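Undergrad: The residues making up each chain are set out below.
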Amino acid sequence: MRKPLKERIGKEILFFDGGSGTILQAKGLKGGEMPDTWNLTHPEEVMDLNRAYFEAGSHIVNANTFGTTRFHFPGQVEEITTAAITICRKARELAGREDDAYVAVDIGPTGKLLEPMGDLAFEDAVSAFAETIRAGEKAGADLVLIETMTDTMEAKAAVLAAKENSSLPVFVTMTFDEKGQLLTGGSCEAAAVMMEGLGVDGFGLNCSLGPRQMIPVVKRLASVVNVPLLVNPNAGLPRTNRLGQTVYDVQPQEFAALMKEIAACGISAAGGCCGTTPDHIRAEIAAVKTVPFSPCHNRRRTFVTSGSMMVEIGKKPAVIGERINPTGKKRFQQALREKDYNYILSEALAQEDAGASILDVNVGLPDIDEKEIMCQLISRLQSVTSLPLQLDSSDPKVLEAGMRIYNGKPLINSVNAKQETIDAVMPLVKKYGGVLVGLCLDENGIPETAEGRIAAAEKIYEAADRYGISRSDILIDGLAMTISSDPKAAMVTLETIRRIHREYGGLTILGVSNISFGLPQRQLINAAFLTMAFENGLSAAIMNPNQELMMASWRSFLALRNMDENFQEYISSYAGSSNDALVLKADHTKPIDNAPMGLKDAVARGMKEQAALSARNELSEKEPLTVINESIVPALDEVGRGFEKGTIYLPQLLMAADAAKAAFDEVKSAMRGTDRKIKGKVILATVKGDIHDIGKNIVKVMLENYGYTVLDLGRDVDPQVIAEAAVSEHIRLVGLSALMTTTVKAMEETIQLLREKAPSVKVVVGGAVLTQEYADQIGADHYAKDAMETVRYADEVFSGEE
Amino acid sequence: MKPIPRKEVLRYLGCRKKDGVSEEAERLVEEVCAELESRCLPRHVQQVVPIAFRDEDTILLCEETIQSKDLFRNLKGCDQAVLLAATLGPECDRIQRRAAAVSMARAAAVQAAGAAMIEAYVNEVCQEIHQQALAQGKHDHPRFSPGYGDLSLSVQLLFSRVLSMPRTIGVSLTDSYLMVPSKSVTALIGLSNTPPDCLFTGCENCDRGEDCSYRREV
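Top line first, the protein sequences correspond to chains F and R.
In this text, residue positions in the first sequence follow our numbering: the first is 1, and each later residue adds one.
In this text, residue positions in the second sequence follow our numbering: the first is 1, and each later residue adds one.
Hints listed in this document are in silico derivations from the structure and should not be mistaken for laboratory results.
It cannot be assumed that every hint is accurate.
Stated by the list, open to error - Simulated crosslink set (DSS-like; lysine-lysine; CA at most 30 Å straight-line): (1) Lys785/F with Lys2/R; (2) Lys69/R with Lys745/F; (3) Lys2/R with Lys18/R; (4) Lys330/F with Lys371/F.
Stated by the list, open to error - Calculated from the model, a selection of chain F residues having no Cβ within reach of chain R, i.e. all distances over 12 Å: (5) Leu40; (6) Gln568; (7) Ala662; (8) Lys677; (9) Lys757; (10) Val797.
Note that the structure is a prediction, hence the values are computed from the model and not measured.
Quick reminder that beta carbons are idealized off the backbone N, C-alpha and C, glycines included.
Please build the complete structure, drawing on both the sequences and the hints.
TA: Written out as structure tokens, the structure is:
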């Protein structure tokens with residue numbers, strides 16, 4: 001009787017099969033043909049291939065389903081998958097391996113890129129993989145092997161599909177280059193940590209590299225994860241022969257010798273990929289079997305990751321930026337309500353530039369759809385920053401939605417010792433992976449003593465044990481409370497941190513800013529408290545990285561504690577900075593008196609920081625509307641006219657627009673409610689099928705500067721969505737952009753639909769391939785050759801309104 | 001690879017004459033070019049395939065037929081073609097999105113510098129192909145990309161499949177056959193045993209004429 005695979009993996013070394021493409025080609029498969037079709041047309045040949053690997057000694061043989069998804073075989077997935085699994089099972093029987101060998105339903109990449117970079121929705125990927133996996137399990141597969149993945153999000157979609165639609169063990173192998181990176185830029189360690197978090201039964205690498213190039217990558221993986229490691233190399237690096245065919249040169253004996261070396265790194269399964277044959281596998285088994293099995297050790301390292309990088313927690317204190325949070329911040333709240341994501345993204349980038357290593361993301365406002373905004377924001381943040389995120393919400397549903405689409409292993413903020421929150425949050429962490437913040441409070445509130453808080457922490461640790469979450473993936477929050485209302489508060493917090501660190505060897509976290517509430521010059525208290533907390537063993541601080549004094553305390557601590565090698569961080573931050581730099585940076589909200597340049601000049605010359613400064617100066621003397629009408633608008637007009645005349649080019653026009661925007665931001669915060677007069681509301685969209693959006697974004701910035709509100713529907717937008725928005729928002733002007741000749745057709749369809757649903761709407765079109773002639777052909781009201789012309793046309797359309 | 005040609009970047013930004021470009025704008029372009037040069041890792045994949053013809057507009061390769069009069073004309077006399085795909089990788093797009101969050105001027109400069117960089121990279125690869133062709137006594141024809149003239153963008157599917165683009169260089173196609181990462185190029189380079197007829201390429205071969213703001217000064 002065959003033992004369940006889960007009882008064997010990680011306890012002995014198992015062997016996978018090898019390459020199939022080249023072998024099937026030798027049997028007559030054509031270059032452009034999908035091997036999967038052969039399950040139906042050439043079942044005997046496929047069976048011979050499977051059987052040869054079972055006979056060579058492979059424990060796990062892939063059914064021929066690598067490309068079987070609805071994207072390549074719409075309507076045929078079940079038929080092809082069932083045939084493949086049936087063939088592979090028959091081959092196992094014929095080879096006499098029923099007692100100890102397993103059939104894998106093989107899942108390769110879809111070939112499509114997931115949103116937000118590509119156009120495949122995450123849940124569509126999950127459901128496509130699920131279709132193949134369900135068919136595979138039904139036909140009798142013993143495991144799911146997800147392989148040759150180059151994108152961690154696609155691998156995650158496949159893992160979730162497997163876990164949610166089958167009870168089979170799940171193995172994942174991904175494809176890295178010689179530097180141990182994915183083609184998407186992610187590191188092998190970050191990918192491994194993420195997959196381990198998702199609870200896969202084995203993780204490793206396949207394809208692209210030969211065994212020699214894989215050795216260093218395997219060693220790196222072995223030092224960060226505990227999950228059983230799988231290694232399926234090609235027979236060397238690919239080479240193109242004189243006939244233009246791809247060939248692999250490493251012969252079975254050499255392959256086997258190298259695999260023996262890899263086996264000694266502590267792997268749990270070995271096999272082969274492109275160019276390897278049953279002979280390679282046979283030689284590999286003979287060689288590797290002589291190596292004593294040395295599985296991964298029980299490491300207790302803690303990592304949070306993004307799709308491309310990871311941050312270790314515990315080695316040295318980490319800084320978590322707290323600024324993406326609407327609490328007490330009017331401008332931020334407004335940005336959330338208006339879905340002004342660029343404002344929030346710029347807050348994120350500023351914290352990254354200031355030196356934060358992780359960013360907290362909290363979007364809790366009573367009157368918004370927190371779940372939707374959280375997901376939108378995670379996806380946008382992850383497309384501009386590679387820092388890992390801390391998902392922060394009191395609503396487990398929001399946390400789950402965020403964890404599902406997060407690329408990496410996030411920090412989760414938070415759980416506490418209340419049974420209710422434990423039961424709501426811990427299963428999510430177990431399923432999706434994450435490092436969990438545990439607040440030291442329980443059903444009775446926040447304990448006043450360190451003993452009380454430690455008891456709460458212990459309850460959280462015990463719950464983690466029950467849910468199968470490693471204690472190293474829990475950060476205990478000792479809760480920093482305001483000293484002005486309880487002078488002993490800081491002492492209790494520090495004692496809690498110290499005892500978790502010393503007595504439990506645990507990791508800790510604190511939101512430090514609260515401590516000084518109600519006192520003047522709060523930064524002074526915060527910075528001192530931060531240093532004290534670090535000295536008591538604090539592993540991570542949630543704080544404002546834009547406050548230079550806080551960052552200075554952190555950097556100084558690292559330097560004093562020998563955690564900053566060669567003082568690199570310290571010196572690169574402070575070498576050459578003047579004495580008042582700290583003070584200046586620390587309080588940049590104050591107007592600066594002697595700004596040398598007028599606002600008008602600053603905008604016209606496109607000097608962004610200067611424009612903001614000068615605007616602040618002018619606002620201290622003049623009414624906001626005067627600043628707009630007498631300085632910003634005239635400067636914009638001057639540049640705009642120069643652009644139209646051809647004396648000024650696009651870069652200057654845009655730099656002026658950026659500077660104007662910075663000035664407007666200052667005016668906005670000075671106005672507090674009494675808004676600038678809005679000329680009108682305009683929809684902008686890049687049409688269906690087109691993913692270029694820079695032209696549209698340029699037009700958006702220009703329109704906004706000239707006093708329009710822009711409803712930006714994004715790129716690749718369905719005509720229906722545009723028409724519906726035009727109707728529901730009572731829009732008078734729609735701007736459509738298309739870059740490709742092929743997508744001008746979608747533009748035409750959009751215009752037709754608008755004519756039908758919203759006949760009073762005017763449509764202005766633009767984009768690299770458009771001409772006046774084209775615009776007339778597709779029935780647009782106006783062709784704008786650049787952003788300025790769109791502004792002028794909008795002025796014309798809305799001129800009757802005033 | 002060689003540095004990004006700054007002149008081309010300015011041309012993509014619509015700066016038709018060098019004077020009139022402000023110091024600030026030039027500094028921005030310089031900064032952005034340096035950033036792309038240090039952070040993007042261009043990759044390419046290529047494969048030589050036999051080709052044949054039918055009628056006046058049909059090319060046969062890799063078990064498929066391509067309909068295109070313009071490509072047919074370009075490949076006249078060829079018995080082989082190099083299928084080429086090249087990309088700057090995802091970092092360029094990431095840099096552009098980052099820029100877009102804080103400054104449109106910077107985003108536009110990244111877009112232009114990325115375009116100039118991938119063009120320059122593809123030109124370098126084509127130069128290598130030219131040398132290899134010479135060494136084998138072959139003549140290479142000007143590169144021709146899906147979307148040029150009457151060659152349908154859907155031909156991208158063939159490139160993607162034959163070159164395994166997602167796996168080899170990390171380039172995927174959208175449903176409308178656009179490539180992600182966006183700074184990617186596919187092209188077909190014909191190889192013939194006799195020199196090709198004189199063929200114009202680039203702006204000289206485009207019927208858009210003088211009204212195009214990206215037109216190279218001839």
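Undergrad: To test your reading of the hints: which numbers does this structure violate?
TA: Violated hints: 1, 7; rest satisfied.
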